[in-house]
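One letter stands for each residue in the lines below.
Protein chains: 2
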Amino acid sequence: MELHTYEKEFFDLLKKISHYEEAVVLMHWDLRTGAPKNGAEDRAESIGQLSADIFNMKTSKRMKELLDALYEKFEELPEDTKKAAEWAKKDYEENSKIPEKEYKEYVVLSSKAETVWEDAKEQSDFSLFAPYLKQLIEYNKRFITYWGYEGHPYNTLLDLFEPGLTVDVLDELFSELKKAIIPLVKKVSASTNKPDTSFIHQSFSKKKQKDLSLYFLKELGYDFNGGRLDETVHPFATTINRGDVRVTTRFDENDFRTAIFGTIHECGHAIYEQNIDEALSGTNLSDGASMGIHESQSLFYENFIGRNENFWKTYYPKMKEASPEQFRHVALEEFVLAVNESKPSLIRVQADELTYPLHIIIRYEIEKAIFSNEVSVEELPALWNQKYEEYLGITPPNDAQGILQDVHWACGDFGYFPSYALGYMYAAQLKNKMLEDLPEFDTLVEKGEFQQIKEWLTEKVHVHGRRKKPLEIIKEATGEELNVRYLIEYLKNKYSNLYLS
Amino acid sequence: MELHTYEKEFFDLLKKISHYEEAVVLMHWDLRTGAPKNGAEDRAESIGQLSADIFNMKTSKRMKELLDALYEKFEELPEDTKKAAEWAKKDYEENSKIPEKEYKEYVVLSSKAETVWEDAKEQSDFSLFAPYLKQLIEYNKRFITYWGYEGHPYNTLLDLFEPGLTVDVLDELFSELKKAIIPLVKKVSASTNKPDTSFIHQSFSKKKQKDLSLYFLKELGYDFNGGRLDETVHPFATTINRGDVRVTTRFDENDFRTAIFGTIHECGHAIYEQNIDEALSGTNLSDGASMGIHESQSLFYENFIGRNENFWKTYYPKMKEASPEQFRHVALEEFVLAVNESKPSLIRVQADELTYPLHIIIRYEIEKAIFSNEVSVEELPALWNQKYEEYLGITPPNDAQGILQDVHWACGDFGYFPSYALGYMYAAQLKNKMLEDLPEFDTLVEKGEFQQIKEWLTEKVHVHGRRKKPLEIIKEATGEELNVRYLIEYLKNKYSNLYLS
Numbered sequence: 001m002e003l004h005t006y007e008k009e010f011f012d013l014l015k016k017i018s019h020y021e022e023a024v025v026l027m028h029w030d031l032r033t034g035a036p037k038n039g040a041e042d043r044a045e046s047i048g049q050l051s052a053d054i055f056n057m058k059t060s061k062r063m064k065e066l067l068d069a070l071y072e073k074f075e076e077l078p079e080d081t082k083k084a085a086e087w088a089k090k091d092y093e094e095n096s097k098i099p100e101k102e103y104k105e106y107v108v109l110s111s112k113a114e115t116v117w118e119d120a121k122e123q124s125d126f127s128l129f130a131p132y133l134k135q136l137i138e139y140n141k142r143f144i145t146y147w148g149y150e151g152h153p154y155n156t157l158l159d160l161f162e163p164g165l166t167v168d169v170l171d172e173l174f175s176e177l178k179k180a181i182i183p184l185v186k187k188v189s190a191s192t193n194k195p196d197t198s199f200i201h202q203s204f205s206k207k208k209q210k211d212l213s214l215y216f217l218k219e220l221g222y223d224f225n226g227g228r229l230d231e232t233v234h235p236f237a238t239t240i241n242r243g244d245v246r247v248t249t250r251f252d253e254n255d256f257r258t259a260i261f262g263t264i265h266e267c268g269h270a271i272y273e274q275n276i277d278e279a280l281s282g283t284n285l286s287d288g289a290s291m292g293i294h295e296s297q298s299l300f301y302e303n304f305i306g307r308n309e310n311f312w313k314t315y316y317p318k319m320k321e322a323s324p325e326q327f328r329h330v331a332l333e334e335f336v337l338a339v340n341e342s343k344p345s346l347i348r349v350q351a352d353e354l355t356y357p358l359h360i361i362i363r364y365e366i367e368k369a370i371f372s373n374e375v376s377v378e379e380l381p382a383l384w385n386q387k388y389e390e391y392l393g394i395t396p397p398n399d400a401q402g403i404l405q406d407v408h409w410a411c412g413d414f415g416y417f418p419s420y421a422l423g424y425m426y427a428a429q430l431k432n433k434m435l436e437d438l439p440e441f442d443t444l445v446e447k448g449e450f451q452q453i454k455e456w457l458t459e460k461v462h463v464h465g466r467r468k469k470p471l472e473i474i475k476e477a478t479g480e481e482l483n484v485r486y487l488i489e490y491l492k493n494k495y496s497n498l499y500l501s
Numbered sequence: 001m002e003l004h005t006y007e008k009e010f011f012d013l014l015k016k017i018s019h020y021e022e023a024v025v026l027m028h029w030d031l032r033t034g035a036p037k038n039g040a041e042d043r044a045e046s047i048g049q050l051s052a053d054i055f056n057m058k059t060s061k062r063m064k065e066l067l068d069a070l071y072e073k074f075e076e077l078p079e080d081t082k083k084a085a086e087w088a089k090k091d092y093e094e095n096s097k098i099p100e101k102e103y104k105e106y107v108v109l110s111s112k113a114e115t116v117w118e119d120a121k122e123q124s125d126f127s128l129f130a131p132y133l134k135q136l137i138e139y140n141k142r143f144i145t146y147w148g149y150e151g152h153p154y155n156t157l158l159d160l161f162e163p164g165l166t167v168d169v170l171d172e173l174f175s176e177l178k179k180a181i182i183p184l185v186k187k188v189s190a191s192t193n194k195p196d197t198s199f200i201h202q203s204f205s206k207k208k209q210k211d212l213s214l215y216f217l218k219e220l221g222y223d224f225n226g227g228r229l230d231e232t233v234h235p236f237a238t239t240i241n242r243g244d245v246r247v248t249t250r251f252d253e254n255d256f257r258t259a260i261f262g263t264i265h266e267c268g269h270a271i272y273e274q275n276i277d278e279a280l281s282g283t284n285l286s287d288g289a290s291m292g293i294h295e296s297q298s299l300f301y302e303n304f305i306g307r308n309e310n311f312w313k314t315y316y317p318k319m320k321e322a323s324p325e326q327f328r329h330v331a332l333e334e335f336v337l338a339v340n341e342s343k344p345s346l347i348r349v350q351a352d353e354l355t356y357p358l359h360i361i362i363r364y365e366i367e368k369a370i371f372s373n374e375v376s377v378e379e380l381p382a383l384w385n386q387k388y389e390e391y392l393g394i395t396p397p398n399d400a401q402g403i404l405q406d407v408h409w410a411c412g413d414f415g416y417f418p419s420y421a422l423g424y425m426y427a428a429q430l431k432n433k434m435l436e437d438l439p440e441f442d443t444l445v446e447k448g449e450f451q452q453i454k455e456w457l458t459e460k461v462h463v464h465g466r467r468k469k470p471l472e473i474i475k476e477a478t479g480e481e482l483n484v485r486y487l488i489e490y491l492k493n494k495y496s497n498l499y500l501s
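Protein sequences, first through last, are from chains A and B. The first sequence begins at 1 in UniProt numbering and counts up one residue at a time. The second sequence begins at 1 in UniProt numbering and counts up one residue at a time.
By construction, these hints were calculated from the structure, which means they are not laboratory data. Any given hint might turn out to be false.
Restraint-style ranges between C-beta atoms, simulated for each label pair [said to hold, decoys possible]:
id	chain 1	residue 1	chain 2	residue 2	range
1	B	111	A	79	49 to 57 Å
2	B	111	A	64	32 to 40 Å
3	B	108	A	447	22 to 30 Å
4	A	51	B	279	49 to 57 Å
5	B	234	A	60	53 to 61 Å
Partial chain A-side listing against chain B, Cβ under 10 Å, derived [unchecked claim]:
id	residue
6	24
7	38
8	227
9	246
10	274
11	478
12	479
Virtual Cβ for every residue (Gly too), placed ideally from N, Cα, C.
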């Protein structure tokens, strides 16, 4: 066969996979936005069936043959085909190197582990979860030997979520970040300039929150012709297909921040996916470049726009209109300070911008220790608590508020957490660069003119999809390697202004 | 292999097909309940892909081998396996007898024809649609020669929707029905006792209509743990899986009947599917017995319960509560008469209970003539108009309100219409029998106690799924063959009471 015949068949196969993925993603979205509970069991089986079919297509003999044929004349291939083949090969190898039997055992184990973790968390008893965690770690260690690694074994896990990232890079970044943040957190904690946040917990009607969520999405440039907003318990954005990128949010009548900032956060994820080059549709390149790059977009919208005082100059009146009693005696400055409150806390998902990276660094250091065989599972709760005391000055009173708080390890997701902190760094570095092209950034935010901001992000990040690796995107967009100083500067400036001036 | 090994593999294959069907049905439901428009094109492709995969599984070599193995020792098989094998064989033969190339051409043609039909309807110009209709008919005539037929060629098409039904049976039923209804329609038309329906078109808030729709569903015994209600343009009920049977409805603020009776109608469909024997889940028997039996359940709920004066004795106050101004001066009797208004009209989907069967009979007679080669496509509009004049006393002023009103033929669905009228007959015959077991039917309806009614229908109809053929269900439930007199009696009684007393 001619090379272009292989190429065509390869893209046809990717397209077929994308159709299956559309079905699976929709079935997940539906489960989380109101599917009736009696259908959940069959649904799980249907998702399982189609996911297995996707796995089989990605690791099929034919996929291998097509990839072999493409790699034989790799240099003759168009750029996009090269990239698509690289990703398909990565998928093929990740999936096919694990013996099928072991992979199935692992799927069963992690599904069971999630249930056990729920119980353990409810009872706040790590010892219930420990035997499962131990096995999950053992499987992952074995997978690393199948996949191989360079440098540190943990690099292989990092690469699953953040292609190209390594322990060496992260150690340096996180060490600088700690050095800067820990003293700043201490100063902020000691500041007498504390926001009054009592008004936050007054009642704000769900209907009005929904209207505002829809309004902010529209204002920020989310395209409703290619998406919709629904309610869920744990909010997310999800791509059903290139023209259908959905946002979900949660309404807490006694804390509007959940919906407002949650929606703006997911809006950032969704705008990313709505602006990937359409030419990539139906290929494996039509996706975010990495977890971290994705998070950089959601955090950009949530923090640099949504928590920006200039944003609220224009939009705070909208909040007042929606819930007049609640905000009657709250001045704009008080509102801005309250929604930017910073204080050391135990739960990652509730942490503020400033302390959040420390929650991630703690998990990173623990995961690294696990995969360097420096710590046993039994020692983990003590290590966890010790690090919280050391970095945040508080000690979890129990496992539920400590080591059991996140589901990730129960799902076998080791190497995932660092992406959250990388997202912060990417976002800050992009923002710094954006200011060169759009020095009037804050004015645009104040005027509610987000078009140019979106276009800049699209040009530098969104449009590429998975054509580029995370660190390439950052380098090409900003002209330099990933640099943590922009995040540090941002946090120093913002929190000094808010708390220490 | 042993027989039970084949049997197991056969049921595994059916289960796999059911998982694919879940995905396809959900993708359809989603398209019709709010999927963003930009995603529609990819969605169509994904549905196409998975539907093709289902087709391939149903007509696979392996399916054939399994069926051959089962049929070799058919008498040794358990009853459900026999039935499942019969349905799978019917599917296999229907699908595999048509050459693949021809089938694909036909799919493309009918997809194109639907678009052309829309244009033609908009322009009210049958001549635009005629060339497509001609081809669709030719394909169906050829399919009939592939499938074979007994008696009349049209029997083969009827059998697709109503297994076992034939022209001989329908000719007799419809002839009796016409003989009874046509004079009754004339009498009702001539009656001076006309309902005042002006209040119907006053504004009734959508929100209140939705609340009432949810309320009626719950009252009637629809299980929300296994379903949900959504809004759509052309309402339907749909089964995603055995524990997930959804209802949709449409809200017209100037005509509450659309939502109220529409919801009750779909409720009947949904209660049917929610009560099929759970043991059949994941097999090809977990479905309605036929289009007509399905329609009998929706019509039972809509007409015998929803349009029953006793129902409104209890529930009319709920309507008044929801829209007090609208009903302030409308007495219960006036309300009941108005929602049972009967008059000859042009559009099938807007027709009342009494005139509806005539709309169906017209289509049946025309389809039969088409497949007996007694009428050309060019002659159809004239034939249509002539029959409307003859049976209903009115002539369509144009094609849009005449022969172009329904989408069915554009989809290639010939033989489908009779099921609507059969549903009426089934429903009336079942109701007549039910009165022997539940003589207090009207009292139960008045009290809002629907449990026993539902249980009766479940025992006689729902639970069987596709284990029994339509005419078997009727015979076993009522002790006699399908008999049109129960529908005739019902219509005579009801409309004499309303209009002629």
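Hints and how they fare:
no.: 1; hint: 111/B / 79/A: 49 to 57 Å; result: violated, 35 Å
no.: 2; hint: 111/B / 64/A: 32 to 40 Å; result: holds, 36 Å
no.: 3; hint: 108/B / 447/A: 22 to 30 Å; result: violated, 51 Å
no.: 4; hint: 51/A / 279/B: 49 to 57 Å; result: violated, 27 Å
no.: 5; hint: 234/B / 60/A: 53 to 61 Å; result: violated, 40 Å
no.: 6; hint: 24; result: holds, 8 Å
no.: 7; hint: 38; result: holds, 3 Å
no.: 8; hint: 227; result: holds, 5 Å
no.: 9; hint: 246; result: holds, 8 Å
no.: 10; hint: 274; result: holds, 9 Å
no.: 11; hint: 478; result: violated, 31 Å
no.: 12; hint: 479; result: violated, 34 Å
Consistency with the previously given hints fails for numbers 1, 3, 4, 5, 11, 12, ordered from lowest to highest.
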